[in-house]
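Student: Now for the letters of each chain:
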Amino acid sequence: MGRVTAVTSFGRNGLYDWLFQRISAVVLAAYFLFILFYIVANPGLTYVQWAGLFGSLWMRIFSLIALVMTLAHVWIGLWGVLTDYVTLRLLGGFAPALRLALQLVIFLVMAVVILVGIDVLWR
Amino acid sequence: MKISSVNNRPVNLDLATIQLPVTAYVSITHRVTGVLLCAGLLFMLWMLALSLESAEGFAQAQGILHSGLGKLATFLTLAAFIYHLVAGVRHLFMDFGIGESLQGGRAGAKAVFVLSAALILVMGGWLWAV
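Chains as they are written, first to last, in the numbering used here: chain A, 1 to 123; chain B, 124 to 253.
What the hints contain is simulated information worked out from the structure, not anything from laboratory work. Be aware that a few hints might be false.
To be verified - A few chain B residues facing chain A, derived, Cβ under 8 Å:
| hint | residue |
| --- | --- |
| 1 | Cys161 |
| 2 | Ala178 |
| 3 | Leu208 |
| 4 | Gly211 |
To be verified - Computed, partial: chain B to chain A, Cβ under 10 Å:
| hint | residue |
| --- | --- |
| 5 | Ala172 |
| 6 | Leu175 |
| 7 | Glu176 |
| 8 | Ala182 |
| 9 | Val212 |
| 10 | Trp249 |
To be verified - Every beta carbon over 10 Å from chain A, so not counted as near; a handful from chain B, in silico:
| hint | residue |
| --- | --- |
| 11 | Gly186 |
| 12 | Leu199 |
| 13 | Arg229 |
| 14 | Ala230 |
| 15 | Ile243 |
Cβ coordinates follow ideal geometry from the N, Cα and C atoms, glycine included.
From just these sequences and the hints, can you work out the full model?
Tutor: Next comes the structure, spelled out in structure tokens:
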């Protein structure tokens, strides 16, 4: 571990990351299984029905929570992957800079995703 | 950071020369499916945005999801989701102290592969039936 590694984690601390990864996982399992079962249970799904589901306040809130949890879960997960594989030992001296650059790209994609997500949910 | 002293230590993590246990395959597949899901979720978010845009957008999203490439993308996303979920549930069990022994870890790892493969087959059957 180095400072650059620790400071780019989600909760600045492995224990928080560990706990949050599990809390978000349970919420995401509930959300995506709900969507999946909704689609399976409604074979002749229409636009009116679909838009009605996502137009309800509880579904907008549930979806926004799921979106935020997804981004946090992805950040923690990819942090683990990047700090394991984009390392000095595997890639050499430019690894920390490359890892930071990759994390910046991930952050920018996430910023776009959250803005698009809010726009889609509250259109 | 004592980088030089770390670099001087002999390290063998050449995966091609190491015989990995089944638990390691469960772990690396959990990671691979997690990275795959990042791409899958971007695709699904695009489909959600399109489907909620208008009735025409909804029909367009249906068309994309029913096309060969759309079905393949959906299958890969859902397969990654199913595996990632099942392997994640195993993690939760182990957090509660269930399946943490060597024997339990191996049994759980095999269970993850068997259960997720069965669920992926069911999902694939459903996907190409609708």
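Student: Each of the hints needs a verdict: does it hold here or not?
Tutor: To see whether the hints hold, each was checked on the structure:
no., hint, in the structure
1, Cys161, "holds, 6 Å"
2, Ala178, "holds, 4 Å"
3, Leu208, "holds, 6 Å"
4, Gly211, "holds, 5 Å"
5, Ala172, "holds, 5 Å"
6, Leu175, "holds, 6 Å"
7, Glu176, "holds, 8 Å"
8, Ala182, "holds, 8 Å"
9, Val212, "holds, 8 Å"
10, Trp249, "holds, 7 Å"
11, Gly186, "holds, 13 Å"
12, Leu199, "holds, 15 Å"
13, Arg229, "holds, 23 Å"
14, Ala230, "holds, 22 Å"
15, Ile243, "holds, 13 Å"
Of the numbered hints listed earlier, not one is contradicted by the structure.
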